[in-house]
Every structure is written in C-alpha cells, then in structure tokens.
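Protein chains in written order, with full-length UniProt numbering: chain Z, 1 to 355; chain D, 1 to 306; chain A, 1 to 279.
No lab work stands behind these hints: they were computed from the structure. Treat the hints loosely; a few may be bogus.
[Stated by the list, open to error] Estimated spans, in silico, between C-beta atoms of each pair: (1) Gln179(Z) x Arg19(A): 31 to 39 Å; (2) Ala250(Z) x Ile283(D): 51 to 59 Å; (3) Ile283(D) x Leu344(Z): 35 to 43 Å; (4) Arg69(Z) x Val192(D): 54 to 62 Å; (5) Val44(D) x Arg112(Z): 46 to 54 Å; (6) Ile138(D) x Leu344(Z): 52 to 60 Å; (7) Arg93(Z) x Asp60(D): 40 to 48 Å; (8) Arg28(D) x Arg83(A): 41 to 49 Å; (9) Ile138(D) x Arg69(Z): 22 to 30 Å; (10) Lys101(A) x Arg112(Z): 49 to 57 Å; (11) Ala62(Z) x Pro252(D): 26 to 34 Å; (12) Thr33(Z) x Ser44(A): 33 to 41 Å.
Heads up, the beta-carbon is just placed ideally off N, CA and C, and yes, glycines get one too.
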Amino acid sequence: MSVAENQAAAGRGSARAVAILSSLGRFLVVAVTTYLGLLAVTFFIGRVIPIDPVLAVLGDRAPTAVVERTRREMGLDLPWIEQFYLYVKAALRGDFGTSVLTTNPVMSDIRRVFPATIELATLGTIIGAVIGVPLGVLAAVKRGSLIDQIARVVGLIGYSVPIFWLGLLGLVLFYAKLQWIAFPARLDVVYEYTFTPITGFYLLDAAIQGQWDVFHDAWRHIVLPAALLGYLSLAYISRMTRSFMLNELAQEYIVAARAKGLSERRIIWGHALRNAAVPMVTVIALSYANLLEGSVLTETVFSWPGIGLYITNSLQNADMNAVLGGTIAIGSVFIAINLLSDLLYRLLDPRTKAG
Amino acid sequence: MSAETIQSRREWLLSDRPASRLQARLGRAYVAWRRFSANRLALVGMLIIIALVAVAALADVLAPYSATVGDLKNARLLAPSAAHWFGTDDLGRDIYSRIVYGARWTLYVVILVAIIAAPIGLLVGTVAGYAGGWTDTILMRITDIFLAFPKLVLALAFVAALGPGIENAVLAIAITSWPPYARIARAETLTVRNSDYIKAVQLMGASPFRIVLRHIMPLCISSLIIRVTLDMAGIILTAAGLGFLGLGAQPPLPEWGAMIASGRRFILDQWWVAAAPGAAILIVSLGFNLLGDGLRDALDPRSGDQ
Amino acid sequence: MSGDTLLEVDDLRVTFPTRTGLVQAVRGVSFSLGRERLGIVGESGSGKSQTGRAIMGLTPPQAEVSARKLAFDGIDLLSISPRERRALRGNRIAMILQDPKYSLDPVMTIGRQIVETLRTHEKVSKAEARERALAMLQAVQIRDPARVFDLYPHEVSGGMGQRAMIAMMLITGPELMIADEPTSALDVTVQLDVLKILDKLVAERGMGLIFISHDLRLVSSFCDRVVVMYAGKVVEQIEASELRDAQHPYTRGLLNCMPRIGFERHPLPVLDRKPEWAA
Ligand SMILES: Nc1ncnc2c1ncn2[C@@H]1O[C@H](COP(=O)(O)OP(=O)(O)O)[C@@H](O)[C@H]1O
Ligand SMILES: [Mg+2]
C-alpha cells in the first residue's frame, strides 16, 4: 500500500465525522426551512386569504364577545410579521386553536385520529411493497414478456384510477354483494364500546390483548381500504423497482458476477436488488407519505375515522382551525418522511457514507 | 403518390447530412414520430385524448338530453337502457349526456392548470438556472419546500379558504403543481447556460431578460410538454377528488368527480350512477398516461426504461 | 487434460440484431491456446471484448454466437447446458474486467465478493473461505488484507480495486484467465504493478491467459503470441518476438502509431484502414 493510501486511511475517520456533521447540519436547515414554509402557507391560507379570519375560524354565528376575544388572541391588530411569529410559536407548542365542531383543541383531536390513518397507510404500504417489489423485479428481468406487460398495465391503471371510485365499487362488490367484508367503519358497533385500545392501532391492540374476535372484526373493516391504498402504492413501487433494476442489470458488476459463475437468482436478488434497494428505500418512504395523503379520499369513502375524514368533516363545517391543523399534521409527517428517507438513503449507501 | 416518391421523401427526411436546418428538424421530428407510432399503447393514448377533445367540441351534437335539467317525474334513477345508455341520476338526468358535457369541464381544468402552472415553473426554473448564485439558491429552496408538501391536502386547504368552485379548484391545483416544472426548466437551463451558442448571444449584447425569454425558454419546452402531459392524469384525479369532496365544481355542473359524489348515496342499489363517470375519469387519465409515456420514450430515448 | 491445447476457437461469430440490421461484432475468429499468454489487440470496436465474452458465455442474450468449434479442455462449450457452462465460469475459466470502479459490486465488501466466488464453486466453511480470501489478497500483494477485506470498493484506489478483482477471479484456481483491458482504466503509475502481479500469478499457477488490449507495445512485451483483430476479423497472428517483422499493413500501422521516446515525429501518423482487410 502506498504512503498516500495509508495517510488517506488515517484521515478517513475524522473526515467522515466532519462529513456526517455537515450533512446533519444541512438536514436540519432543510427541515427547518421546509417546516417554516409549510407554516407560512397555512398562515397565508388561514389569515391572509379570508376577509375576516376570525369569522373564518368561528363561523358567523359566534357571540360578539367570543369574536372579540378570539380577535385579540389571534393578534390580528399586530403587524403581519409579528402575527406570523406568534403563529409559529403556537404551532411549535402544538397549539392549532380549538375546533368549532368538536370544541376540543385541534391538537388533541389529531392525536386521537392519527393512529387510525397510520394503521391504514402502514398496512397499505406493506401490501404495496410485498407485491410491488417482486413484480417490478420480475418485469425487469423478463423485460418485454407477458409479466412485464401485465405489470405495466396494472401500474398504469393504478396511476389513472380515481381511488374513491374504486373504493365505492369495492364496497358494492365485497360488502353488498359478496359480504366478504364489514360495513364502512373501523369496528362493529358492539366492539366500539367494549374494546379498549392501547396504541390506537386496533389490529395490534387486539393481538396484544389476545382478543381475536376483535382482531378478526378489525381486519374485516380494514382489509378493503388497505388493499386499495396498497394497489396505489404497488403501482408506484413496481414501476420504480423495474426501472432501478433495469439500470442495475446493465452495470458492469453484473457481468463480473456472471463471470464468477453465480446463478441468475443470486445475481438478481443478491446483487442487482441489493443495489436497487438503496434508492428503493426512498421510493417506499415516498409512497408511504403519499398514502397518508391518499387517505383523505379513502377514509371519506370508508368512514375510516382518521385524519383524512377529520379534515373533510371539518371542511364541510367550515371549521378552519381543524382543517389547517390537520393540514399541518399531515404536512409535517409528510415532510419528515421525505427528509428521513433522504437521510436513510445516505446511511444505507456505503458510497455516500463518507460524504 | 407513387411508392417511389414516398421512398425518396423518407430518404430526404432520414438523411445523414441534412442540407438545411429545416430538413434536420423535420428529420428529427420524423424519427420521433416513427418511434412514437411504433408504440401501440401510445397511439391508443393519443386516440383517447383526440376522442376527448372531439366529444367536448361536439357535445351539443352527441348528447341526446340536457346535462342539467332532468325529468324528475318519469326518469329518476333508471337503469341503463337503450333510451338512457348509462341510466339516469336522482334528478332524472341522462348520465350519458352529463358525461359528454363533463368532457368539457375536464378539458377546462387540465388546460387551465397547464397554462397557469407551466409558465410559473418555466419562469422560476429558467431565472434560477440562468442567474445562479443566491437567486438560484432561494428560488430552488422555495421550489423544494413546495415539492415537499402533500399536494392534495394543500389544495384542499386552499379551496377551503378560497371557497368551493371549479375556478378555485383550478387555482389550488396550479399552485401545488408548478415545482416539478421549475426543476426541469432549471436543469435544462444549466445544460445550455454555458454553451457557445448562449455566449455568442451574450456577446451580441442581448439583455439577460431577452436571453432567457427568447433563447433559453424555447429549449425547455419539449421536456416541459412531456412532463405536463404525464401530470395531466394527476391533475384530473385531483380535480375529481376535490369535486368528490364537494369542493370543486358545484351542482348542477356535470363534472365527473362531483357526479360520483352524487351517485354515492345510491351506490348500493343504483351503482351505475357513480360507475359511469368514474370509468370516464379512468379512461381519460389512462389516455394521458399512455400518451405521456409514449412522448417521453419517443423524444427522450435514454429514459425509455425509466 | 487433453494434450497441450486448453482452448480451441474456430470460426467464431457473434451477431447482434439491431434496428438497422445485423451487426457482426465478431466475424470468423480462429485461434488456439495452450498454457501460454496470448494477446489480442485491435482498435476500439474491433470485437476483442465480444470474442472474450463469447468464450466466457457472457454474450448478451439477444446476440447470436456460432462457431465451427469452441472447446475448452476438450469440452464443447456451445453444446453443454447453461448450468454446466456456469459451473465452468469463475471456476475453471475466469475473467477480469476493465474498470474496478464499475466491475465490483458497490454495496458489498471486497472480502464478501471474493468469498462469494469461492463458495459458489467449492464447499468450504465460512471460516475457511475467509482464510483463503485473505491469503489470496496477500497473493495480489495487498499489505493489510484483514483491513481491505472489510472495505467497500469505493474506499480503495483503482490499483487496489483491480488487485481485489484479480483475487476474486483467481481464488478458485482457474486454468484459463481472460483479462479484458485489465489496466486501461488505471493510473499509469500503478499499471505496471498490477501487470506484474498478474504475470507472476499466471506463471506460478501455469494458467493460460488471453490478454486483451488496444496497446500493441504492452501486449508484445507481456505475451508470447499476438492476435491482431480488425473489424471482427483476425488479420494477423504472430509470435510477439517477431512483431517487428509483421507483414500486415494494419499491424504495421498499429506499430507505427506507438510513440517512441526520443523521436519527435511530425505529423503524427494516422492509422490506415482499408475496407479490403475486413473482407
Ligand atoms: N449490445 C450490442 N449491440 C449491438 N452491437 C454491439 C453490442 N455490443 C457490441 N457491439 C458491437 O460489437 C463491436 C465490437 O465490440 P467490442 O468487442 O466491445 O470491441 P472492442 O472490445 O474491441 O473495443 C462494436 O463495434 C459494436 O458495434
Ligand atoms: Mg472492449
């Protein structure tokens, strides 16, 4: 080994530490500006667009005393920039005001409904990844074959179908006609009162407590909406997997792996997919974030008591605090997943570890 | 026209040594068209879009009934039949006629969103790319921030504040869909910014404003068109979603998403009320996706596998 | 072992179907090889790599390979099953590619990649595989094998990467090695080191070597015999020692193109190409 290489090796440790710190710093800057951007937009929507933000928050039937108090609380007599400062400060404390509809603080409402959405989106992403990744791999390996065509059509339809419509048709078929699944809700009414959730993820809670009848009931309620979201995510994941795999399979290290006498199976799953897995993490994370958003329409169709249904119910009742609080909640998680997936990408790829 | 003249025309188009700029340009277009038309699915997509435009244009001829006024007394919630191909809705309106007229609203939404969002993105991207430095950093940071937002939820919040209606829905969708265009325009600008061609224009004393407007923007158009076409399906789906939630087009407009919403109440017994408009959305979105894929493969063969 | 010939190639052809028609990358190449070092030279695109890959059985699936004879150690390579072919690859016939930056799997440590070759072809325990991989890294003159074993390809220099590549391909003790421009992507300063290591190992282990290069001088100093290719055909086969007396104008052209220290030549010679050589 040359002298230069030895020196480089010695310097690598500290260089890596610096690189990690600087990428962490960059990460924080991006996270903070993006979050401030989100708050700026919701501030704009809530305070700048409406002619009278107080009426937008309270509706026009509130008593004058309440209106006046709220006006002072919102600091509407202050300059814009100061108002925004107070807005950000409140938001950081988790204070998004009070919901007119539920009369609770918006934050406590969100805490109550968010687990339902997370449960749905998680299950959807698992379905999408478990089917989408192998489908994409097969489509790439057998490029131009029947399975590639099928994957393509399945994916294109996933990109083109209105999910709420598919959900309605699914209800007609699986609930009304075949009676395979339960009516739109999270649990049957019987269980609504007897079941005590722990984490808020009902499938998990039922399993922990060994209440398998509840588990079965929860499953019958979640399976269709989760399958639909899973389909959306499958369309995206399989398409991206195919594209990443085609890219990897064209690399020289694949020729080298063949020259080593490895089996095709080992080359595809052990080498090509391992390399594709690095960008796949980002794709799966993005698809998860998209499902959180997609849940707005799905939850409406399936009366699924998550954040999406919360937002649409609030919309129908002109409950602006709740709408914007929900928007910030989904936006924050969405942004966090985006940024974390970027960070994860850096951690997973040995090439970017050093910088 | 004889086979021979066709043959020689093809040779002229495919010449390795085009004699004029026009010949080179036509030749490239011809090659792209051949690649595009060899892709059967892309042709299907194009046919769907042509059909959409034709239906929208000829709605008055094609629709046998009014889109907004129904026969409340005799024609409520009829199943599909020869008189009413897709049945009738709860107000006795012919669903087929409403879908035909709905094509107009679909086109209205995608065209308006495209002509609002694409120029914003083009402007932001080319200015950022050409100016560089702090301008670039700030503009791109803003773009990235918008890119990191959940689009549908943000559009929902916008419409909630602006008030429901198809114009506000268009505005909300446009506000959330320009960032990818800015990124594309910036990338294209960066590749040409330091080219000899732009240098020559600079030496001739053209102002930055003129250079961006006359020389850089036109170079970004083709990749922008591909991207906009690929986004059309997403725009249609978002607009339909807003319509479904009652935030987009308001009754009695025959907008497809709103039609599904009104059919939702009868979904278990009169499923056709919601089925037909959803199928229309699916077909048109599919058409745009197929067309966009085909365009991308034809104009940018490198990304064909992506 | 059947006699002295390790590899027999007779009228090898590789044809690619493309949009514009058939492209004949290799058009009737013939040569045979014992336990010696054979060089294949020719300009870029002359079909050297495709010849090497056809022998390995690594021709892209859309291409067509045919030959009157393509035999390794008496085994007819074109008639055996893909599975049998794979058992030969990396085991008895190995190949080194041009650029370690691209030919090593970027997300797998060097050690695991070497062990993988070994364990694909021999039933050995994990511990033994590791020992042998470390020994092999030592054999390609890597000073600190235990450290390099756990490094990722991007963490080592090009010269070291290529040594790791050699280790990965030699660990099973192949009888024939195809080295496709093994030093072209490396810094000039380490090219010679890598060549020396390769030369030593080939000599010690009594392997046959096909050394592919566009650099006639390198090939002539390194090989026993030289095959000169042009447009998919062999235009001349010659002992390296007799290269100075090469008859074919293309070979002479390649020779003349090589810069010689101390001579300034103006204008620089241009490589002559005549369509009839390819006929
Ligand atoms: N995948 C392919 N499709 C079509 N033609 C190819 C392909 N790969 C190689 N060729 C053709 O084969 C010829 C020989 O290539 P190659 O053996 O790589 O040349 P060399 O190694 O001598 O530079 C090239 O001229 C090229 O046109
Ligand atoms: Mg080569």
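Status of the hints after comparison with the structure:
1. Gln179(Z) x Arg19(A): 31 to 39 Å: Once the Cβ atoms are compared, 55 Å apart, the range 31 to 39 Å for Arg19(A) and Gln179(Z) is violated.
2. Ala250(Z) x Ile283(D): 51 to 59 Å: Because 35 Å falls outside the window, the suggested range is violated.
3. Ile283(D) x Leu344(Z): 35 to 43 Å: At roughly 38 Å between Cβ atoms, Leu344(Z) and Ile283(D) fall inside 35 to 43 Å, so the hint holds.
4. Arg69(Z) x Val192(D): 54 to 62 Å: Cβ of Arg69(Z) to Cβ of Val192(D): about 58 Å, so the range 54 to 62 Å holds.
5. Val44(D) x Arg112(Z): 46 to 54 Å: Between Val44(D) and Arg112(Z), where Cβ atoms are some 47 Å apart, the hint holds.
6. Ile138(D) x Leu344(Z): 52 to 60 Å: Given range 52 to 60 Å: violated, Cβ gap about 28 Å.
7. Arg93(Z) x Asp60(D): 40 to 48 Å: The hint (40 to 48 Å, Cβ to Cβ) is violated, given that Arg93(Z) and Asp60(D) are roughly 58 Å apart.
8. Arg28(D) x Arg83(A): 41 to 49 Å: Hint holds: Cβ distance 47 Å, inside 41 to 49 Å.
9. Ile138(D) x Arg69(Z): 22 to 30 Å: 39 Å, violated
10. Lys101(A) x Arg112(Z): 49 to 57 Å: Since Lys101(A) and Arg112(Z) have Cβ atoms about 54 Å apart, the given range 49 to 57 Å holds.
11. Ala62(Z) x Pro252(D): 26 to 34 Å: 33 Å, holds
12. Thr33(Z) x Ser44(A): 33 to 41 Å: At 49 Å between Cβs, range violated.
Comparing the model with each earlier hint shows violations of hints 1, 2, 6, 7, 9 and 12; every other hint is respected.
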